[in-house]
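Visitor: Residue strings, one per chain:
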Amino acid sequence: MIGVLPQVVVNGILFGTMYGIAAVGLSLIFGTMRLIFLAQGTMIVLFAYLCFWFFTLLGLDPYLSLVLVVPIAALIGMGFYYGIFKEAAALEDKNVSLLLAVGIMYLVENLMLVLWTPNPRSVVTEYTGLVFRPFGIPITFTRLMALVLAVISAGAVFLFLKKTLIGTAVRAASEDMTSTTLMGINPNWVNAVAFTIGIILAAVAGVAMSTVYSFDPNYGFVFAIKALIALTLGGIGNVYGALLGGLLLGVIESSAAFYIPGGWTEAVSYGVFLLVLIFRPYGLFGGSIKKA
Amino acid sequence: MQQIKNYVTADKRYIKVIIGLVLVIALAVLPFFIQDVERSYFIYFLFLVFVYITVAQSWNLVAGYAGQISLGTHAFFGLGAYTTAIVWLHDLTKTGYYFDPVLMLLSGLVPVVLAIIIGIPLLSRLRGDSFAFGTLGVGFILTVVFVKLRTVTGGADGLHIPSLVYSSKLPYYYTGLVLALFSIGTVYFITRSRIGLALRAIREDETSAASHGVPILYYKVFAFAAAAFLAGLGGSLYAIYLFHINPDSVMNLNWLFYPILMCVLGGNGTILGPVIGAVFATALFSFGNIYFARMHPVFSGLLIILVMKFMPGGLVGLKDKIFTRR
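Chains as they are written, first to last, in the working numbering: chain A, 1 to 292; chain B, 1 to 326.
Pulled out of the complex, with its shape left as it was, chain B reads as follows:
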């Protein structure tokens, strides 16, 4: 079905690429047209959207494409944030740290190591719900470890990164933009490759995929690890943004449920879905936060319910719903 659609819309693809490029360039030059960038809420809003896109694409890859519902996103996000803070505070890599690519890369790779270590036993033995809850358990154990290993992680109070390096909002904005594009690109190229084909085969029917010679464990662990990498990158950027991280802020369950909400809201298992979902949900949360401060999580709950009830295919699915008459 997807193949046929691609064929039919092949000439439209250039238009899509052009629209995408124009959007990216617009986002890149946007700060030059905003008068007070440092105090602009819009720039902050977009920064948040970029972080959410990165984490949402992570979940999209493992759940949307590989069909393995992971509830461990916040664990990898938090581990990325903690890696950044610990490496920085202990001066481990001797690089500049502030927006240091080496540091961010490292913060992505540590979650990858964890993902491989826990992914092999969990993914080889557990399916569906059991896998989801196994990953949830990993998140909880990691939270306890962060709280208890006081000498390394600062316990419940967390870690303070020296915030004197802060000078401007712009580096956050651009790093966020690059990360978001990187995550979209990563997921795009993975899913358009042989690996993506294997992942979708696993999602549709694991037994059938295995019997056709797809090494399912290898590909599932690959998707899980790649997702951990993206989540870790997001966590690293967020840690540099917060300067003070603790289990409450980076191991928060919102980092698990919001990306899921965004993927599902936009359309799970599509490239654009999580992006649309992230923009839409972040906008709603921001409005909620400004206009009804205390009530806004109530509305996000209501929103999840309404979206899942009336358009389980997400906003991307809405297009098909409108254009295909039943």
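Extracted from the complex, chain A is given alone in its bound form:
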């Protein structure tokens, strides 16, 4: 049993990276708009399909297709914010935003069902079967690439938040939106930037997912919930915690899948989620004040 533990952990971490990227996106959006963007998982699946489309129709390499998918994601993010969320973001009642997200989820999910049928799809390239064996632990190339993408995009987000002016504004807005607005920062612009980055991260997660797993339109909501669990583990509003929370959730899931007889894995992750919510509502990684 001990012999497989490292592999279970490594697999968990590799799988958790995708939860992590999605959770970082959720965290950014939550930070400024105080909205849990429930459609995040559905957007991830949408981008996985886009990647699948570029791959099958244009023969574009999935990782290369990021060059196209990311700008599309940025456009969708800006479009969604200015087209749909702008008025709702200013309202005190956050249910309106939440329901808008639910509406987007329904719309996109069912549009995907019509466009791509409910059959599971996957992107199979010549390097899909490629496996490395560092220290005797088999790691597939695509999963490793998912980790690399996660680290790069998370790093980019951290740099953006720390080093750029607009990044600072986003951080300020997630601390206190009212004061930030009083300092002359346009709340819509900050919200739109955070939202767009969230969607771009969904695109990165989508591309990573399309190469590793088979996916279908209905997978999105479950994925959003997993990202939400990751977010809770890391502490809602904490960007660094979100990534760690994702990795942790991955490890929890893969060890639960290995050590507990089949099917109860889901219940374990939701159980952990509930326990953390009740006993550590600000997440496992300390610093409740440290936001974004």
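Calculated directly from the structure, the hints in this document are not laboratory data. There could be a bad hint or two in this list.
Simulated pairs of lysine to aspartate or glutamate, EDC-like, Cα-Cα distance not exceeding 16 Å [unchecked claim]:
no. : chain 1 : residue 1 : chain 2 : residue 2
1   : B       : K169      : B       : E38
2   : B       : K169      : B       : D36
3   : B       : K148      : B       : D248
4   : B       : K148      : A       : E266
5   : B       : K309      : A       : E266
6   : A       : K94       : B       : D129
7   : B       : K309      : A       : E175
8   : A       : K162      : A       : E175
9   : B       : K309      : A       : E87
10  : A       : K94       : B       : E204
Starting from the structure of chain A, add chain B where the hints point.
Guide: Leaving out everything else, chain B in the frame of chain A:
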């Protein structure tokens, strides 16, 4: 504001009561004027509306009036449905089962027990979003339990209730009507009582309510449990209607999001809002289902977005928007 409005429109209230009574009587005698009741789509449509009103009022009570956004409606609905099926199949109460009030009551009470058990830790520690996601987690755990406890719940395939007892659509229609009226009445009388006052105080400002001596946990759990009761009743009726229940059909997330959509569409935190919303949304879904079968969920998504974008106060709020000039 509400008080002043009530005062001004006090004499109009009788008119409202009369309109309501006429509507109920009309609905009660309607089947006698429809030629082929058993095959009438309209009767089926109204039955669906009644079930949705029951579940929507459940959400309305806990979210609209108490301000606690619950995402666990489908859990209580499903638990009610499963209670009905399990009690029936194991012959536990020795009553008639088919439209048996004891069975339906029991199917309402089991969700109440769950609501109290999970409500106390969740409601005492979690606020706002966290509470919403906690209840969502409960729904997911319950789904896994239903799938995994194969000996009791039949796993993913679910349970089959003996369908030979079916004879007519009419009992469904009338039970649905009674349930819908019961849920409207329950929410009406709760919200017009001291409890309702406390719930609204909690919704507006929890800290202030607590500091004025309102036992907030007690009232929040009460609202949560009462909502679970209504959802469980709806689930029970739907189980008797389906005869075959499984996690896919009764734990479906539509039973969570549609009632929310209906409340918000009609006007959350009002008595009539969920009713109007249920009629409107069910009508739209039915039309969508008939005329563009595969595309219709796309339109319901679009509808949610459009409604939330252009009239976040719902259809009931639309009236105020039109009559109060800015």
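Visitor: All the hints need checking, so say for each whether the structure fits it.
Guide: Hints, one by one, checked against the model:
no.	hint	in the structure
1	B/K169 to B/E38	6 Å, holds
2	B/K169 to B/D36	11 Å, holds
3	B/K148 to B/D248	14 Å, holds
4	B/K148 to A/E266	11 Å, holds
5	B/K309 to A/E266	34 Å, violated
6	A/K94 to B/D129	9 Å, holds
7	B/K309 to A/E175	26 Å, violated
8	A/K162 to A/E175	14 Å, holds
9	B/K309 to A/E87	7 Å, holds
10	A/K94 to B/E204	14 Å, holds
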